[in-house]
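Number of protein chains: 4
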Amino acid sequence: MADDLTQLTADLRSFVRARGWERHHAPKNLVMALSVEVAELLEHFQWLTNEESDALDAASLAVVADEVADVQIYLLELADRLGIDVAAAVRAKMVKNAVKYPAPAGAPRG
Amino acid sequence: MADDLTQLTADLRSFVRARGWERHHAPKNLVMALSVEVAELLEHFQWLTNEESDALDAASLAVVADEVADVQIYLLELADRLGIDVAAAVRAKMVKNAVKYPAPAGAPRG
Amino acid sequence: MADDLTQLTADLRSFVRARGWERHHAPKNLVMALSVEVAELLEHFQWLTNEESDALDAASLAVVADEVADVQIYLLELADRLGIDVAAAVRAKMVKNAVKYPAPAGAPRG
Amino acid sequence: MADDLTQLTADLRSFVRARGWERHHAPKNLVMALSVEVAELLEHFQWLTNEESDALDAASLAVVADEVADVQIYLLELADRLGIDVAAAVRAKMVKNAVKYPAPAGAPRG
Numbered sequence: 011m012a013d014d015l016t017q018l019t020a021d022l023r024s025f026v027r028a029r030g031w032e033r034h035h036a037p038k039n040l041v042m043a044l045s046v047e048v049a050e051l052l053e054h055f056q057w058l059t060n061e062e063s064d065a066l067d068a069a070s071l072a073v074v075a076d077e078v079a080d081v082q083i084y085l086l087e088l089a090d091r092l093g094i095d096v097a098a099a100v101r102a103k104m105v106k107n108a109v110k111y112p113a114p115a116g117a118p119r120g
Numbered sequence: 011m012a013d014d015l016t017q018l019t020a021d022l023r024s025f026v027r028a029r030g031w032e033r034h035h036a037p038k039n040l041v042m043a044l045s046v047e048v049a050e051l052l053e054h055f056q057w058l059t060n061e062e063s064d065a066l067d068a069a070s071l072a073v074v075a076d077e078v079a080d081v082q083i084y085l086l087e088l089a090d091r092l093g094i095d096v097a098a099a100v101r102a103k104m105v106k107n108a109v110k111y112p113a114p115a116g117a118p119r120g
Numbered sequence: 011m012a013d014d015l016t017q018l019t020a021d022l023r024s025f026v027r028a029r030g031w032e033r034h035h036a037p038k039n040l041v042m043a044l045s046v047e048v049a050e051l052l053e054h055f056q057w058l059t060n061e062e063s064d065a066l067d068a069a070s071l072a073v074v075a076d077e078v079a080d081v082q083i084y085l086l087e088l089a090d091r092l093g094i095d096v097a098a099a100v101r102a103k104m105v106k107n108a109v110k111y112p113a114p115a116g117a118p119r120g
Numbered sequence: 011m012a013d014d015l016t017q018l019t020a021d022l023r024s025f026v027r028a029r030g031w032e033r034h035h036a037p038k039n040l041v042m043a044l045s046v047e048v049a050e051l052l053e054h055f056q057w058l059t060n061e062e063s064d065a066l067d068a069a070s071l072a073v074v075a076d077e078v079a080d081v082q083i084y085l086l087e088l089a090d091r092l093g094i095d096v097a098a099a100v101r102a103k104m105v106k107n108a109v110k111y112p113a114p115a116g117a118p119r120g
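Residue numbers (the numbering used here), protein chains in the order written: chain X, 11 to 120; chain E, 11 to 120; chain F, 11 to 120; chain W, 11 to 120.
What the hints contain is simulated information worked out from the structure, not anything from laboratory work. A quick note: this is a predicted structure, and the numbers were derived from the prediction, not measured.
Same chains, same names: a pair is fine if it fits in one copy or spans any two.
Pairs of lysine to aspartate or glutamate residues, derived as EDC-like cross-links and limited to a Cα-Cα distance of at most 16 Å, are as follows:
{"no.": "1", "residue 1": "110", "residue 2": "76"}
{"no.": "2", "residue 1": "110", "residue 2": "80"}
{"no.": "3", "residue 1": "103", "residue 2": "13"}
{"no.": "4", "residue 1": "103", "residue 2": "80"}
{"no.": "5", "residue 1": "106", "residue 2": "76"}
{"no.": "6", "residue 1": "103", "residue 2": "76"}
All chains, please: the whole structure from these sequences, using the hints.
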């Protein structure tokens, strides 16, 4: 599928390789780049109230989507460089979180 | 597939809903939580050289994978709350980046 | 004075030197450490409303003050390593900001 | 003195008040702004080696000094809003750190 992480990761790897960027992509550098992109996302929300942050207009949403993409891209590149399977890590973390924060009885199942 | 973003997002949404956490999940809050998780990832790399960051041992990698999962989880929850399709945003950004940074002629195709 | 930046910087430099930490204090590493400390500060505010963030109790304030200190310490260590005079940089920035954002006529002078 | 934190804080407070910005300066917002400024600092170092980060040229240093100023400004504004005495917090933290990380015998005193 077009939105599976394996395929996105493979396409990003080709992109990086075609430009010879692997030499810049030490995990230490990638995690800094990831952090910078998250801050660019943060910047859009810093002066908003919680309510305003839930009611972005279309133009703001388009900019925010672009920043979300940058965060996702660096996260996948970092994980790929380190040999981490992101989907498996998320699944494992959800199992841990389900134990740590049990759903209350009678809660909606989703 | 188990690693497609649509499925992961749906499962995370159920998890949040079952615990009644939507009321805490204003985008402004989620982007802060995302930023905190990225910093926990950063913390593992702050005193390493670039070379050391490329040679983590298995124990460190397991911890880092857990932090990568936290970043991915908050990113998907944020995007879901905002109605952003992460895979589509990544695809759109890759197209933009391919124009901005053309691959040199004769470069490996991936 | 006990609160001037020159004296604080000198005392921090002695502290670092007495422990032989200069070898870990490449600016790249210090700026990552600074970023991690800011995120620890951020963590205290991530689920609060703006109003709640203005009404911390004494116990929270003590913890936050401790994190503020960590941020200040790494910022001074970074500036010292780079040979930057923080107070002079702040004064210069305030002059720039006064031009960029002129105070409205009739505004309170402070 | 021109570089004591009490004076810098007072001058920043006047600056903010003259522009009517207090209403935007909830601690939650200021800590986000602080985080964004730290990321702008981080951005200058993300693709450098540790060695390169110790050998910035004059033009880069001027830009970095400007970002350091922004971080210092938001940190003082945050502390002022919360009623935290930054110099006292740093002094208290240095005492704690001296206990936590005792200097080795025979180490240079600074």
